[in-house]
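**Student:** I would like the entire structure built from these sequences, with the hints used as guidance.
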Amino acid sequence: MTDHRRAQRGNVAGKMLLALIILAAFWGLFYWDLNIRDAGGDASDAVTDEEPGEDAPADDPDDDEPETPDEAPDDAPADVTDETGAVFSYLPVGDLLPESGPGFADDTVYRDILFPTAGRAYLNSQVYRYGGYYGALNGMEGGQCEAQNYEYPWQDTFCEKRSRDQDLCPGGGHEGLDIRPADCTKNAHLAVAAEDARVVDVRRHWVTLQTNDGTLYNYLHLNMGALNVSLGDYVSKGDPIGVISNDFYKSDGTSVPTTIHLHFEMYENYVTDGDDEPLFTKVNPYLTLVAAYDRKLRDE
Amino acid sequence: MKHATIALTAFAIAVSSSTLFAQRSEIEPPLERAQRFIEERKQTRPRLAPPPVGRPPARTETPDVDWNAARALVAATERRRLANLSNVTATRAVVFERTAGVRAATAENLKQARAAEVAAVAIPVLIPDQERVRDTVQIFGQADAYTAIAEVADGVDMRMSGSRKRLVLERPPARREALQKMRAARPPLPGVDAAYVITRSESSTDLSFSRFNVGYVLALICDDPENDARCAEDDFIVALASSLALLNDRGEAGQ
Ligand SMILES: [Zn+2]
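Respectively, the protein sequence lines represent chains A and B. Position one of the first sequence corresponds to residue 1 (our numbering), numbered consecutively onward. Position one of the second sequence corresponds to residue 301 (our numbering), numbered consecutively onward.
Calculated from the structure, these hints are not laboratory results. Careful, some of the hints might be misleading.
[Said to hold, decoys possible] To give an idea of the interface, some chain B residues facing chain A are shown, with a C-beta separation under 10 Å as derived from the structure: (1) L331; (2) V374; (3) R432; (4) Q442; (5) M482; (6) S501; (7) E502.
Note that CB positions come from ideal geometry on N, CA and C, so glycine has one too.
**Tutor:** Here it is in structure tokens:
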């Protein structure tokens, strides 16, 4: 009797173990399959495999978005905030979104400029985030007006990946920074002169300013039909240039779809200490803009 | 014994599947990966005693323009032109292309540029020495800088800028150093004898060089930059930058 019961118990235990084995095997196969599918999915897209942050240690995803502290005026956060009380934050220069290109880490603050838009601004990708053509690469599917596009932290987009390899941006191609205004309303937010300058080019979907000591700024995607400036004008720092829009034309006048943003470029003539021959090229204005926005938020 | 074997096998399978599970958790969903990356890397600016943002240039320099070098280059170009002319037959001379180098010209002969704009500039004002450019160029001069914009050919426009002021950077970013090495590896611009780099972006194809202590950038804007060889390849912009007109040869203005 006891032996029989023991044998019965043994049988039950055996069956449970077998069930466990089958379950475990299925479990293993399921995740094995997912791994393979993910790896294949990543490889099929023509994106660079040297994204920053790929090798960062895995951790629990933090889905807590920094909420705007409503009580900012009373509580006075330790960090600089904008007029809504949101704490201003930014990612280091060169830290582009995963899958979005090599970036160009350059810690130079080239000039003390006025931030080139009036009001709040958000530097982030127009192509690899919500509303962008490659938003899905980072799981950011949605429209450009998605609230997450209008939040800090800022993120660098210089040498973000485009269709072409560039000498300045091997594996990248975006030689400027994209600035969203306070919200996604078209033709509502002003772009302003970063410095005293002269309007030296107005064409297609951009305006070029040059300071009296040579620095060049390109403002792209303004509403070209309603500019505040004309070719040859002298502008003072802070003067309106135009309203931020999504004008983007081929030379034949065909419109190319883009988000509502200011694409901002800067050319500087620079030389390495000890070198004699300067290079007059586009430079990454990311930290120049961080410094300018920081000053703006401090009312300096 | 049989049960022990089964238990061991189950244990082995459980361990291996949990290892797979651990690997799985490293391959995060893209959104979580992006959000974690952003969250981990973000930084703020303290209200009190904030550290400086980034690094300013070590210094800003405004070197003297080497006008003697400019005049020597004009003279050398002229000597080469005369030598070439005497070497070609009359029939070939008709289609003879302009000599590479820098030729002196006067702003008064330009149709759309105001001479006063050129006179205001204290650095050599260079533009591509080409008929369509001369016919359409507009110049915006400021003492230490200028920009000229013009049509070059059907489907191609240009913007050429010069600047004497230079920022001296102590430690250039690695990618910038690579650009400087690329410049050193190329032969200099024919006739102008200046090292150069070419960079391309969505808005223009740029050729950057320096001469006479001045930095120049010639930007070509093509209707179809991806497919038009004049922007997509180097030959056209190199040819354009290799034959230049100097519009303020005397150089006294503003000095
Ligand atoms: Zn852009």
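**Student:** So, for every hint listed, does it hold in this structure?
**Tutor:** Hints, one by one, checked against the model:
With a least beta-carbon distance of about 3 Å to chain A, the hint placing L331 (chain B) at the interface is held under the 10 Å criterion. At about 20 Å, the closest approach between the beta carbon of V374 (chain B) and any beta carbon in chain A exceeds 10 Å, and the interface hint on this residue is violated. For R432 (chain B), the interface hint is violated, since its Cβ never comes within 10 Å of a Cβ in chain A; the closest pair sits about 16 Å apart. Interface restraint check for Q442 (chain B): the shortest CB-CB distance to chain A comes to about 4 Å, inside 10 Å, so the restraint holds.
With 10 Å as the threshold, the beta carbon of M482 (chain B) comes within range of chain A, its nearest partner Cβ sitting at about 6 Å, so the hint holds. A least Cβ separation of about 4 Å between S501 (chain B) and chain A falls short of the 10 Å threshold, and the interface hint therefore holds. Annotation: interface hint on E502 (chain B) holds; nearest CB of chain A at approximately 7 Å, less than 10 Å.
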